[in-house]
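Undergrad: If you want the building blocks of each chain, they are given just below.
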Amino acid sequence: METLTVPQAPQAAITDERVVEVRGLVKAFGANRVLNGFDLDLRRGENLMVLGKSGSGKSVCIKCIVRLLQPDAGSIRVLGQDVLALGQEELDRLRVRIGFLFQSSALYDSMTVQENLEFPLRRHWLARDARSTNDLVEEVLNAVGLPHTRDLYPSELSGGMKRRIGLARTLILKPEIVLYDEPTTGLDPITGKEIVELILQLQRSYNTSSIIISHDLNVAKLAANRIIVLHEGRNHVEGSYDDLRASNDPVVRSFFIFM
Amino acid sequence: MLEEVGDITAFAGRFFANAFHARFEWSELFRQCFLNGYRSLPLVGITAFIMGLVLTVQSRPTLERFGAASMLPAMVAISVVREIAPVITALIGAGKIGSSMGAELGSMKVTEQIDAMEVSGTNPFRYLVVTRVWSTTLMLPVLVVLSDAIAIWATWIGVNIKDDVSWDLFYRQVFDSLEFSDFVPAFIKSYFFGFAIGIVGCYRGYATEKGTEGVGQAAHTAVVTASLLIFILDLIAVQITDILGLN
Chain A
1 METLTVPQAP
11 QAAITDERVV
21 EVRGLVKAFG
31 ANRVLNGFDL
41 DLRRGENLMV
51 LGKSGSGKSV
61 CIKCIVRLLQ
71 PDAGSIRVLG
81 QDVLALGQEE
91 LDRLRVRIGF
101 LFQSSALYDS
111 MTVQENLEFP
121 LRRHWLARDA
131 RSTNDLVEEV
141 LNAVGLPHTR
151 DLYPSELSGG
161 MKRRIGLART
171 LILKPEIVLY
181 DEPTTGLDPI
191 TGKEIVELIL
201 QLQRSYNTSS
211 IIISHDLNVA
221 KLAANRIIVL
231 HEGRNHVEGS
241 YDDLRASNDP
251 VVRSFFIFM
Chain B
260 MLEEVGDITA
270 FAGRFFANAF
280 HARFEWSELF
290 RQCFLNGYRS
300 LPLVGITAFI
310 MGLVLTVQSR
320 PTLERFGAAS
330 MLPAMVAISV
340 VREIAPVITA
350 LIGAGKIGSS
360 MGAELGSMKV
370 TEQIDAMEVS
380 GTNPFRYLVV
390 TRVWSTTLML
400 PVLVVLSDAI
410 AIWATWIGVN
420 IKDDVSWDLF
430 YRQVFDSLEF
440 SDFVPAFIKS
450 YFFGFAIGIV
460 GCYRGYATEK
470 GTEGVGQAAH
480 TAVVTASLLI
490 FILDLIAVQI
500 TDILGLN
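Here the protein sequences come in this chain order: A and B.
For the first sequence, the positions run 1 to 259 when this note's numbering is used.
For the second sequence, the positions run 260 to 506 when this note's numbering is used.
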């Protein structure tokens, strides 16, 4: 039987500088209090994973970090800026420094792959002319291994290809932090592993810090330097994959039930 | 109902707060003008032609009964310019443009495309809503003028089914009977109709929830609400022109 080789989570270049600091985050939808005092620190160069079951508020947490959702209480600092106190223009400037990969990839379906990738560049004048725009598009398409998809529409791509193009669109602005919302959900195990490998490879190339939201322990094993288990809206346990694997906590054990 | 009126009013307020922003999305505005204006021309043109022809054919017997058949071009032209062309064109706009805006933005909302735009540092309201509302506001009056012209031409064809009237004579009869006060209120109200179509279509799309079911609902409620609003605005316009003595 062939033994699969798995890439190790990158350990180098993690510094003590905190690029994201979340304190006492509270968010409720009606009577349902999804986050109830959640804390999080992301250090520069680190891959932090937030592990939790479906509906536990993982996605809500990263949507609050980019202020797609307004938290009810708590504080969020990203790259030294108080996210909740920023005006719209300052927030937009900060968002350019944060990449966000959506679970659904969220590609603009009326645009081709090329137009999807050009869209953020044109909005922020990051490419000086058509040639540099083309060069940047080519660079990220090569980085995600899909140079031949320029003229295709999202509806012509498979799930894994959409995720790759979503990743390319996220990285084209060269963000310092990338937030991944369930990057492998809905993909077969082989494509899921390819996506995780791609995330690690791109993280090394683009020198990003990441928060990965998932309930997939394979992602935790392959990519995370540190894992926070989110349970009932709060930090339940924190540690490395091996720490969690050895834990006797019933909530943590429940994630390993099929492993 | 009142809550809905409040929400649409707040949405319109948000439009005005963003409508004159320094960094305007010109290329998207031109694209929307092309889609909402130019692409609506065939439907508006065909409808205007049929409207002018049918109105002429159906009005003739009544006017003949009163010995006023010679008034046919003037009567149809005044009806078309003052009321029928603006309202019918606006209703076509509500059906075609309003529903497509509701469905398009609704679909973008439920598939997180609007969120993706926002986190990439682009203001989706300015990019998607402001450009669309400006495009309908600017394009509908153009479509109404075109609809007027085609309906009047169809009236000439309708008149010539039984009579033999030259274009020159017909043209003189029509424009002798039309006054400035027939054109201006109709032209002004068509801006409001266009604005209503854009605001309602975008509001419905932007407020979409509950996945694909919500997208369908956004499309159909956009048409219903915009159509209703067009009639309400028309009623208000009639009252105002009456008060100003323009009727």
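Be a bit skeptical, because a hint or two may be false.
Claimed, not checked - No more than 27 angstroms apart at the CA atoms, straight line, and that leaves these computed lysine-lysine pairs for DSSO-like: (1) Lys162(A) / Lys469(B); (2) Lys193(A) / Lys174(A); (3) Lys221(A) / Lys193(A); (4) Lys221(A) / Lys174(A); (5) Lys162(A) / Lys221(A); (6) Lys53(A) / Lys469(B).
As the list claims (entries may be wrong) - Calculated from the model, a selection of chain A residues having no Cβ within reach of chain B, i.e. all distances over 10 angstroms: (7) Gln103; (8) Ile190; (9) Val252.
Stated by the list, open to error - Here are the in silico distance ranges between beta carbons for each label pair: (10) Arg245(A) / Gly272(B): 50 to 56 angstroms; (11) Ser132(A) / Phe279(B): 27 to 33 angstroms; (12) Thr15(A) / Gly475(B): 22 to 28 angstroms; (13) Ala85(A) / Glu263(B): 30 to 36 angstroms; (14) Asp129(A) / Glu263(B): 32 to 38 angstroms; (15) Phe283(B) / Gly87(A): 18 to 24 angstroms.
Worth flagging that the hints you see were computed from the coordinates, not collected in a lab.
Where is the CB? At the ideal position from N, CA and C, for every residue including glycine.
Undergrad: If a hint holds in the structure, say so; if it doesn't, say that too.
TA: Going through the hints against the structure:
1. Lys162(A) / Lys469(B): Roughly 23 angstroms between the alpha carbons, so the hint for Lys162(A) and Lys469(B) holds.
2. Lys193(A) / Lys174(A): This hinted pair holds, its Cα atoms lying about 23 angstroms apart.
3. Lys221(A) / Lys193(A): Cα-Cα ~11 angstroms, so holds.
4. Lys221(A) / Lys174(A): Holds. Lys221(A) to Lys174(A) sits at ~26 angstroms (cutoff 27 angstroms).
5. Lys162(A) / Lys221(A): Since the Cα atoms of Lys162(A) and Lys221(A) sit roughly 24 angstroms apart, the hinted pair holds (cutoff 27 angstroms).
6. Lys53(A) / Lys469(B): This hinted pair holds, its Cα atoms lying about 22 angstroms apart.
7. Gln103: Check fails; 8 angstroms does not lie beyond 10 angstroms.
8. Ile190: Nearest chain B Cβ is 25 angstroms from Ile190(A), so the label holds.
9. Val252: holds, 30 angstroms
10. Arg245(A) / Gly272(B): 50 to 56 angstroms: At 55 angstroms between Cβs, range holds.
11. Ser132(A) / Phe279(B): 27 to 33 angstroms: holds, 31 angstroms
12. Thr15(A) / Gly475(B): 22 to 28 angstroms: Violated: the Cβ-Cβ distance is about 50 angstroms, outside 22 to 28 angstroms.
13. Ala85(A) / Glu263(B): 30 to 36 angstroms: holds, 33 angstroms
14. Asp129(A) / Glu263(B): 32 to 38 angstroms: With Cβ atoms ~47 angstroms apart, the hint is violated.
15. Phe283(B) / Gly87(A): 18 to 24 angstroms: holds, 19 angstroms
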